[in-house]
Amino acid sequence: MPIIVNLDIMLASRKMRSKDLAEKIGITTANLSILKSGKAKAIRFSTLEAICEALDCQPSDILEFSPEV
Amino acid sequence: MVKFAQYPNDIIIFLFLIKISFNCLKKVINYCLSIINSYIRFINKFIMKKLNILKTIVDLSWIFLTPFILITLIAIPYILFVDNSNYLDIHISGFRIKTIDFPTKMLIVTKMVSYLILIYCVYIFGKILEYFQLHKIFDEFVLKNFNKMGVLLVVCSFIMGIPSILYEVFYAENVTITFGFTPFLLCMGMFFMVLSEIFKISRNMKEENELTI
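Heads up: the protein sequence lines correspond to chains A and B, in order.
Using the working numbering, you'd call the opening residue of the first sequence number 1 and step up by one each time.
Using the working numbering, you'd call the opening residue of the second sequence number 1001 and step up by one each time.
Heads up, a few of these hints could be off.
To be verified - Using 30 Å as the maximum straight-line C-alpha spacing, the simulated DSBU-like pairs for lysine-lysine come out as follows:
#  : chain 1 : residue 1 : chain 2 : residue 2
1  : B       : 1127      : B       : 1206
2  : B       : 1136      : A       : 36
3  : B       : 1144      : B       : 1050
4  : B       : 1055      : B       : 1144
5  : A       : 39        : B       : 1105
6  : B       : 1136      : A       : 39
7  : A       : 41        : B       : 1144
8  : B       : 1206      : A       : 39
9  : B       : 1200      : A       : 39
10 : A       : 41        : B       : 1050
11 : B       : 1111      : B       : 1049
12 : B       : 1206      : A       : 19
13 : B       : 1148      : B       : 1055
14 : B       : 1206      : A       : 24
15 : B       : 1050      : A       : 36
16 : B       : 1019      : B       : 1144
17 : B       : 1049      : B       : 1127
18 : B       : 1055      : B       : 1111
19 : B       : 1136      : B       : 1019
20 : B       : 1105      : B       : 1148
21 : A       : 15        : A       : 41
22 : B       : 1206      : A       : 41
23 : A       : 15        : A       : 36
24 : B       : 1206      : A       : 36
25 : B       : 1206      : B       : 1049
26 : B       : 1105      : B       : 1055
27 : B       : 1206      : B       : 1111
28 : B       : 1136      : A       : 41
Just so you know, these hints were derived from the structure itself, not from any lab.
Note that the coordinates shown come from a computational prediction; the quantities given were computed from them, not determined experimentally.
Just chain A, same shape as in the assembly (with noise of 0.2 Å):
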């Protein structure tokens, strides 16, 4: 999939683990590993919205193109 979940990096500056950030936004840690591994076919905007707000970034931050070779 062309388009990159680069939660782990955001996660890692924030010194923030997944669990904390799951709770914070209120999903699952299961849910979040699936973000965060790009299995995700779709993501809510009230979701990115609750990442955005819990790690004080933009959601260009998180998500990123990168065309298929």
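Fit chain B to the supplied structure of chain A, relying on the hints for placement.
For chain B alone, coordinates are given in the frame of chain A:
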């Protein structure tokens, strides 16, 4: 004839009686409907649900059809290899078969094979319903077997239809096209194939829904 206009009291009594009778009738109908509704609710809740009823019917038909498999497996070699022209009284497509030669034997055998295929379809359908009971609706097994059922039913309709038409052409010299069993089977087969495709689309949609965070 009684003229009601002359007796206003009678009219009032008459209307009152009609009203009472209507009310009584309404109450009786409501009572009957409530009894029927409670009975249906009882059946749905405690005795059986639709899927269970279907599974029971399919299982029972499978049980009743299993002896036919044995009979057919014994009968096929008997028809093919034993000279039985004097013993059998067979009718195909409404014609009594007088001479049992090799093509006629092949026709009878293909008919029997097609019935075996139909029984196998019943078995597959039972298995699919078992998966439905376990709430594995979009399982790979269900998709594959719906498609398999469809293909088998289409094949079966051709196996049933074409030899009969050929027999009518060569032996009975009278071709009649009837919209009976064979087109119905063909439609059923196509329906199951389409159903398999629909299940595939539904599974993708379910996956997409599950993977939306």
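Comparing the hints with the structure gives:
Of the pairs offered as hints, the one joining residue 1127 of chain B and residue 1206 of chain B holds, with about 22 Å between alpha carbons and a cut-off of 30 Å not exceeded. Distance hint between residue 1136 of chain B and residue 36 of chain A is fulfilled; the C-alpha atoms sit about 28 Å from each other, no more than 30 Å. Only pairs whose Cα atoms come within 30 Å are accepted, and residue 1144 of chain B paired with residue 1050 of chain B is accepted, the gap being roughly 23 Å. For the hint pairing residue 1055 of chain B with residue 1144 of chain B, the CA-to-CA distance comes to about 19 Å; that is within 30 Å, so the pair holds.
For the hint pairing residue 39 of chain A with residue 1105 of chain B, the CA-to-CA distance comes to about 59 Å; that exceeds 30 Å, so the pair is violated. Restraint check for residue 1136 of chain B and residue 39 of chain A: the C-alpha separation of about 22 Å stays at or below 30 Å, so the hint holds. Of the pairs offered as hints, the one joining residue 41 of chain A and residue 1144 of chain B holds, with about 25 Å between alpha carbons and a cut-off of 30 Å not exceeded. Our distance criterion of 30 Å between C-alpha atoms is met by residue 1206 of chain B and residue 39 of chain A, whose separation comes to about 14 Å.
In summary, the hint linking residue 1200 of chain B to residue 39 of chain A is supported, as the alpha carbons are separated by about 20 Å, within the 30 Å threshold. Distance restraint check for residue 41 of chain A and residue 1050 of chain B: the Cα-Cα separation of roughly 35 Å exceeds the 30 Å cut-off, and the hinted pair is therefore not satisfied. Taking the CA atoms of residue 1111 of chain B and residue 1049 of chain B, the gap is near 36 Å; set against the 30 Å cutoff, the hint is violated. The straight-line distance between the Cα atoms of residue 1206 of chain B and residue 19 of chain A is roughly 26 Å, inside the 30 Å bound, and the hint therefore holds.
Proximity of residue 1148 of chain B to residue 1055 of chain B is assessed by CA-CA distance (about 19 Å); at most 30 Å being required, the pair is judged to hold. A threshold of 30 Å between alpha carbons decides the hint, and for residue 1206 of chain B with residue 24 of chain A the separation of about 27 Å falls inside it, so the pair holds. Distance restraint check for residue 1050 of chain B and residue 36 of chain A: the Cα-Cα separation of roughly 42 Å exceeds the 30 Å cut-off, and the hinted pair is therefore not satisfied. Straight-line distance between C-alpha atoms of residue 1019 of chain B and residue 1144 of chain B comes to about 63 Å, which puts the hinted pair past the 30 Å bound.
At most 30 Å may separate the alpha-carbon atoms for a hinted pair to count; residue 1049 of chain B and residue 1127 of chain B meet this at roughly 18 Å. A hinted pair counts as satisfied when its Cα atoms are at most 30 Å apart, and residue 1055 of chain B with residue 1111 of chain B qualifies at roughly 27 Å. Distance check on the hinted pair: residue 1136 of chain B and residue 1019 of chain B sit about 56 Å apart at the alpha-carbon level, beyond 30 Å; violated. Between residue 1105 of chain B and residue 1148 of chain B, the direct Cα distance comes to roughly 28 Å. Compliance with the 30 Å bound is thereby established for this hinted pair.
Distance check on the hinted pair: residue 15 of chain A and residue 41 of chain A sit about 27 Å apart at the alpha-carbon level, within 30 Å; holds. Distance check on the hinted pair: residue 1206 of chain B and residue 41 of chain A sit about 11 Å apart at the alpha-carbon level, within 30 Å; holds. Between residue 15 of chain A and residue 36 of chain A, the direct Cα distance comes to roughly 16 Å. Compliance with the 30 Å bound is thereby established for this hinted pair. As the CA atoms of residue 1206 of chain B and residue 36 of chain A are separated by approximately 20 Å, the hinted pair is consistent with the 30 Å bound.
In summary, the hint linking residue 1206 of chain B to residue 1049 of chain B is supported, as the alpha carbons are separated by about 25 Å, within the 30 Å threshold. Taking the CA atoms of residue 1105 of chain B and residue 1055 of chain B, the gap is about 36 Å. The hint is violated against a cut of 30 Å. Between residue 1206 of chain B and residue 1111 of chain B the alpha-carbon distance is near 41 Å, which puts this suggested pair outside the 30 Å criterion. With a CA separation close to 22 Å, the supplied pair residue 1136 of chain B and residue 41 of chain A stays within the 30 Å bound.
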